[in-house]
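> Now for the letters of each chain:
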Amino acid sequence: MMVSAESLPRLWPLIFLGSIVLLMISIVTGLMFGAVPISLEQIVSWLTFTDVDNGDFSHVILEQLRLPRTLLAVVVGAVLASSGAVTQGLFRNPLADPSLIGVSAGASAGASIAIVLLQPSGASLMGLSIVSVAAFAGSCIVVVLVYRLATNTQGTSVATMLLAGIALTFLAGSLTSLLEFLADNTMLRRISLWRMGGLDAANGSRLLLVTVIGFISIAVFYRYRYALNALLLGESEARHLGINVDRVKFHIILCVAAAVGVSVAVAGTIAFIGLVVPHVIRIIVGPNHRYLIPLSATLGAALLVNADTLSRLVLAPTELPVGLVTAAIGAPMFISLLRRRSAYGS
Amino acid sequence: MEASAMTNTILDVRELSVSIDQRQLLIDVSFSLKAGEVTAIVGTNGAGKSTLLRAIAGDKPFTPTKIVDEKCLSGIYFCEKSISRWSQQELAKHIAVLPQISQLNFPFTLADVVGLGRIPHSTGAQLDGEIVEAAMQATDVVHLKDRFYTQVSGGEQQRCQLARVMAQIWRSEDATPRLLLLDEPTAALDLSHQQQLMCAVQNFSKQGVAVLMVVHDINLASTYADNIIALQQGRILCNGPVAEVLNQPLLDNLFGGDVHLFFHPKTGKPLVLS
Chain L
9 MMVSAESLPR LWPLIFLGSI VLLMISIVTG LMFGAVPISL EQIVSWLTFT
59 DVDNGDFSHV ILEQLRLPRT LLAVVVGAVL ASSGAVTQGL FRNPLADPSL
109 IGVSAGASAG ASIAIVLLQP SGASLMGLSI VSVAAFAGSC IVVVLVYRLA
159 TNTQGTSVAT MLLAGIALTF LAGSLTSLLE FLADNTMLRR ISLWRMGGLD
209 AANGSRLLLV TVIGFISIAV FYRYRYALNA LLLGESEARH LGINVDRVKF
259 HIILCVAAAV GVSVAVAGTI AFIGLVVPHV IRIIVGPNHR YLIPLSATLG
309 AALLVNADTL SRLVLAPTEL PVGLVTAAIG APMFISLLRR RSAYGS
Chain G
47 MEASAMTNTI LDVRELSVSI DQRQLLIDVS FSLKAGEVTA IVGTNGAGKS
97 TLLRAIAGDK PFTPTKIVDE KCLSGIYFCE KSISRWSQQE LAKHIAVLPQ
147 ISQLNFPFTL ADVVGLGRIP HSTGAQLDGE IVEAAMQATD VVHLKDRFYT
197 QVSGGEQQRC QLARVMAQIW RSEDATPRLL LLDEPTAALD LSHQQQLMCA
247 VQNFSKQGVA VLMVVHDINL ASTYADNIIA LQQGRILCNG PVAEVLNQPL
297 LDNLFGGDVH LFFHPKTGKP LVLS
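Chains L and G, in that order, are what the protein sequence lines are.
Yeah, the first sequence ends on 354 if you go by this note's numbering, and it's all consecutive.
Yeah, the second sequence ends on 320 if you go by this note's numbering, and it's all consecutive.
Simulated from the structure, these hints should not be mistaken for laboratory data.
A portion of the hints provided could be inaccurate.
With a straight-line Cα cutoff of 20 Å, these simulated SDA-like cross-link-like pairs (lysine to any residue) come out [claimed, not checked]:
id	chain 1	residue 1	chain 2	residue 2
1	G	K127	G	S78
2	G	K139	L	L183
3	G	K139	L	M204
4	G	K80	G	K312
5	G	K139	L	G242
6	G	K139	L	Y234
7	G	K252	G	S78
8	G	K315	G	A221
9	G	K139	G	S128
10	G	K312	G	K252
11	G	K80	G	R60
12	G	K139	G	L173
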């Protein structure tokens, strides 16, 4: 831990405020940069409604494109990172990640089915394209199966869930591969682009959907912060501390599946955030979920916003898939922390 | 409630049977525990010691076999009320359990781990901090409180876990009566810490806590426990105060030949050697 355990409660408000400020700066940067640069004055004048339309469409770009996109990055980043944090806590394994229980594989299979077999036109449901709906359905089906497989009369076994998650990930993966084999070139490109993830499809209704589900889920995670701490000791230990372990597990899995499922449905699979961000936060403030969950959410959001900004800048006006950028930022950061991890007690 | 207050009985186990997959692990086990007393469960490997502890702790596969009993007499009663009718949260304020092994792979500090014991209570950070400090003092880990759990030795982890369960039921103001279940608390400890720890447990019980512990070392049981319950193949072989129960016939019965009873030259307590 970089912050000593003793001074953490005292410094916490400062740390959390700092992460919010960082997120705000990231959002403003995200609004400013892109194919068409927008100056800070233009953003301020747009915010204060003193915007004069001088014909450069800056407010249209802000309202229609950059703002929904940046806010979507905020919510998706917060959802992925905090879901990663609670999944690692629930599985008592620092290498766990929502994709471990099959969310991403199920979503990929669902999206591939939609792209190859349904050949979607422009039809949509609640602002979501057919591909997104299929991806969400795919992730839900896989998680439900994993959960059912791991649950018997004696409760839900986390170890079985992990194994069932791996098995169903492979199963969904082979289905996806089969569909790729059958697909023609256009479909192949669509599948692979979808899988790399992107926030360019942001719009108001999608943003609203992800925000509502994401907000509820993160609130549920935070509500179970002490239960998750106790679960790190082991399940029966948590039970002896008065925690209704089966209910906590069910609620957390449900929220992870819904929040990550809907994020993947609108933004594709964005690698690395769910795994790496909680790790980095643990190195900074330790494993206590009281601090881990909020800080994962804010810094996960900041990381994805910045990654998205970069993805628009590197090859402008072409956009890189944001998943590439998160991995490119995250991996070196993670490696440098790994090299020093013994110093922080993990 | 009145009867229990008079006799001071906290836990009443009546004709308890436990079986898993048709294998009988405990058969007709009955005994009771009083506040302020330490009771040791002894027996060979597989005699059902841990099963008994885990059945009382309410761990899932070890729940009692349902017996059709019109008077509903068999089962585990805590404060005269069947343990299955207590809510989990309420029970956690009264009963703390130290498991045999604890895996914790996350770098909590030792003080954080002990602090987890205060989860069932809402007594505020200030008071919880004092209790954590006092419990760590009792098990001699207070000097390690800022070290990471993942970086201290097995014995230190064990003492930290004991401090955690003691912190869980530290104050009689938070809940009475209190029961501490320990599964081999001294397994990973050196001799001096074994003694220190058992003394801490003994002192803790004197504050009105009933302690039920599984121990392998029968000498520790005879030195620090008030009562001994000897289990053999899931049945109680004998049950009573150490001085009455611990004798050569019991040892012969429990461990076969070659285990002999002596008396400690200094304390006069029973001493078992093989």
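> For every hint, state whether the structure bears it out.
The hints, checked one at a time:
no. : hint            : in the structure
1   : G:K127 x G:S78  : holds (13 Å)
2   : G:K139 x L:L183 : violated (50 Å)
3   : G:K139 x L:M204 : violated (50 Å)
4   : G:K80 x G:K312  : violated (29 Å)
5   : G:K139 x L:G242 : holds (18 Å)
6   : G:K139 x L:Y234 : holds (16 Å)
7   : G:K252 x G:S78  : holds (17 Å)
8   : G:K315 x G:A221 : violated (34 Å)
9   : G:K139 x G:S128 : holds (16 Å)
10  : G:K312 x G:K252 : violated (24 Å)
11  : G:K80 x G:R60   : holds (15 Å)
12  : G:K139 x G:L173 : holds (16 Å)
Checked against the numbered hints listed earlier, the structure breaks hints 2, 3, 4, 8, 10; every other hint is satisfied.
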